[in-house]
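Peer 1: Chains as they are written, first to last, in our numbering: chain A, 79 to 299; chain B, 15 to 249; chain C, 5 to 251.
Warning: the hint list may mix true and false statements.
Stated by the list, open to error - Interface residues of chain A toward chain B, partial, derived using beta-carbon atoms under 7 Å:
hint	residue
1	95
2	163
3	167
4	168
5	294
No lab work stands behind these hints, which were simulated from the structure alone.
Glycine included, C-beta positions come from ideal geometry on N, C-alpha and C.
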Amino acid sequence: MTFLSQIQAILWKDIRCELRSKQTWMSMGLFALLVLVIFNFAFDLRVDNKAAIAPGALWVAFVFASLLGLGRTITSEQEKGSMDRLMLCPVDRKAIYLAKLLGNILFISVVEIIALPIFAALFAVPLFTGELLPIVLLGTIGIATIGTLFSAIAAATQARELLLPLLVFPLIVPVVIGAVRATGALMASSVNEPPWLGMMLAFDVIFLSVSLLTFEYVIED
Amino acid sequence: MSAPYLEIKGLKKTYNLKPILRGIDIVLDQGKCMALLGANGAGKTTLLRILACLTKPVAGTAGIGGLDIGQDVQQVRLLVGFVGHQPNLYDELTGLENLLFFGRMYAVKNARERAVTLLQQVGLARRSNERVGTLSRGQLQRLSLARALLHSPRLLLLDEPDAGLDDEGIELLEALIREHTGQGGTTLFSTHNFERAVKYSDQICMLSGGRVVYHQVSNDLEAGSVRLAYEEALR
Amino acid sequence: MALVKREAIIEHGAAKDGPNKRDTRFSVVSILLGSLSLIGMMVSIWMIFLYAPMDAIQGNPQRIFYFHVPLAWLGMLGFVIVAIAGIGYLVKKDERWDWAARASAELGAFFITLALITGSIWGRTIWGTWWTWDARLTTTLILWFMYIGYLMLRSYMGRTSASARAGAVLAIIGVIDVPIIYESVNWWRTLHPTAEVGVQGALPPSVVLTLMVSLTTFTLLYSFLMIQLYQLQRAQTLAQQLRASIE
Chain A
79 MTFLSQIQAI LWKDIRCELR SKQTWMSMGL FALLVLVIFN FAFDLRVDNK
129 AAIAPGALWV AFVFASLLGL GRTITSEQEK GSMDRLMLCP VDRKAIYLAK
179 LLGNILFISV VEIIALPIFA ALFAVPLFTG ELLPIVLLGT IGIATIGTLF
229 SAIAAATQAR ELLLPLLVFP LIVPVVIGAV RATGALMASS VNEPPWLGMM
279 LAFDVIFLSV SLLTFEYVIE D
Chain B
15 MSAPYLEIKG LKKTYNLKPI LRGIDIVLDQ GKCMALLGAN GAGKTTLLRI
65 LACLTKPVAG TAGIGGLDIG QDVQQVRLLV GFVGHQPNLY DELTGLENLL
115 FFGRMYAVKN ARERAVTLLQ QVGLARRSNE RVGTLSRGQL QRLSLARALL
165 HSPRLLLLDE PDAGLDDEGI ELLEALIREH TGQGGTTLFS THNFERAVKY
215 SDQICMLSGG RVVYHQVSND LEAGSVRLAY EEALR
Chain C
5 MALVKREAII EHGAAKDGPN KRDTRFSVVS ILLGSLSLIG MMVSIWMIFL
55 YAPMDAIQGN PQRIFYFHVP LAWLGMLGFV IVAIAGIGYL VKKDERWDWA
105 ARASAELGAF FITLALITGS IWGRTIWGTW WTWDARLTTT LILWFMYIGY
155 LMLRSYMGRT SASARAGAVL AIIGVIDVPI IYESVNWWRT LHPTAEVGVQ
205 GALPPSVVLT LMVSLTTFTL LYSFLMIQLY QLQRAQTLAQ QLRASIE
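Hey, can you work out the whole structure from these sequences and the hints?
Peer 2: Rendered as structure tokens:
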């Protein structure tokens, strides 16, 4: 049970540190809002094309806001560039990955919770169906799984703000396609829609496993 | 004669293709204390970091208490207490919260009691509920020592532990090392101060250019002769 | 004194795969592959332009197919090689695996770029547009981004073991992801079918033969270039080692 206890300890430590520094949460939430407002002006949503554009706008906002926060859980671990204080501890590196992953999922969820009602209001879209939850959950896990692993990789470089999106975007394409289509199917039901949720679930399971296995190679010196 | 507690054989490390350690051989028995001397860049910090399992050597082995730093990494981490150039503490948490966190990481029994005791011992009891970011350099160093001792390590690795400490802090450091040795613990520390090196340690080892160039028992050694040897090695 | 010391360091610093007399000339394998590639290229070009039949619907521009397919195929294979070499490095910790990974990444990126360009030109001749978001072209584009990401990452992180490990992980994740990406774009496209770049229907034997010859030639060329780039990686590492040991 030490494994679970360590995940919980690291996660709790991260949350407390982040709450006390107050930097990330607010800027992420505000950013997501800002993107949605800009999209409203940029896309001139009338009733007829709303269903086509709205899911895309929503998920683009989520992805960009995620990218802001994804780096944080790893870079906040660095003290003048090194993660010695955590690496010294006899904690399984998989536990570190899971703790950071959960932290990222939590951060992104906060953004989503703020953005969704505003989105529903701005675009006059009825989004409070229970069916939205699995889509958002699976999509968020997919983005966070890849993002956590690669933020550990990019953290070692100077140009990490540029590198992280460049590495992550191509890899999360299936998740973005799936989430956008599935959200769209909710808003305007269509026939013969492929099993997007199933695909996202498979994506999440596969890459969670691969990330767990490869994380220690990335984080150990 | 029992096997030495710390056994380093042919340890090599390169960083960015530049050799830092070119084959280190050191042996230290249990309960002994060794001082590491050497100019900046000689490899002292790298050696201590390898023993603390923060980085891996490119060649050679090191055994700590019969365990190998390559094979038994997590077990070695449990045995080792490390104080480095950074305090290795979380700024936003208080001193007590920091120790409790590391207590969870090291699965320390009665962590809270132990943390409170240690905080008293290092003289930070009154500041234990303040954020670490507000502490002074000397206070950070003391808290870092407390963190290193929290899980009752068998091997203490201290990288210039005297840096940033006032006279009271130096006395505390000496007392802590003495207590650790008294309980059968082994110590390896680096310093630039020859008097302290001679005073605290049983053996002195000097590194230069990534190699061991001087190794003496410190009992009858004078700080002056060590200084001469140091200047000789620099040339 | 200093000079003697330096030479000793250079002696010592030369890796187990150090510089030797062989390096100044091409190896037998290299010469063989190079010549075969050259012959193969000449045969292929003859076949592509003179032997293969002209496509009834698309006309002569369809012959781009014989270049585009091998280029795309080898570009994909190249990434698989980067991933396999990456796994090899993680397991064996021998930097020669990493040399192979970097070589294949550079080469594969080049082939994929050419595949994209030929695919785009081909699409232009059939459909009049320079780009179409069909499953194959889109996946090829994403693979291109993965290659570029890999090369940029390796470039930023330099020649360290951390860099090699990071590259290996990127390649492993990428290679597993590519089939998933292809399928998801395919599903997306079935809902909004778009112009497809490709050949439809059963292929006559002469077409298949020409394609096979072209594919073999490009594979030979790939192998030849792979060996050269591997040797280049080795030389670069040795040079950097020498420089580091002198400073």
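Peer 1: At a threshold of 7 Å, is the proposed contact between residue 163 of chain A and chain B supported by beta-carbon distances?
Peer 2: holds, 4 Å
Peer 1: Holds or violated: the hint that residue 167 of chain A contacts chain B, with Cβ atoms closer than 7 Å.
Peer 2: Where the cut-off is 7 Å and the nearest Cβ of chain B is about 4 Å from residue 167 of chain A, the hint holds.
Peer 1: Does the nearest C-beta of chain B fall within a distance shorter than 7 Å of the C-beta of residue 294 of chain A?
Peer 2: violated, 10 Å
Peer 1: Does residue 168 of chain A hold up as a contact with chain B if the rule is Cβ-Cβ below 7 Å?
Peer 2: holds, 4 Å
Peer 1: Close enough to count: is the Cβ of residue 95 of chain A nearer than 7 Å to one in chain B?
Peer 2: holds, 4 Å
The structure is inconsistent with hint 5 alone, although it conforms to all the rest.
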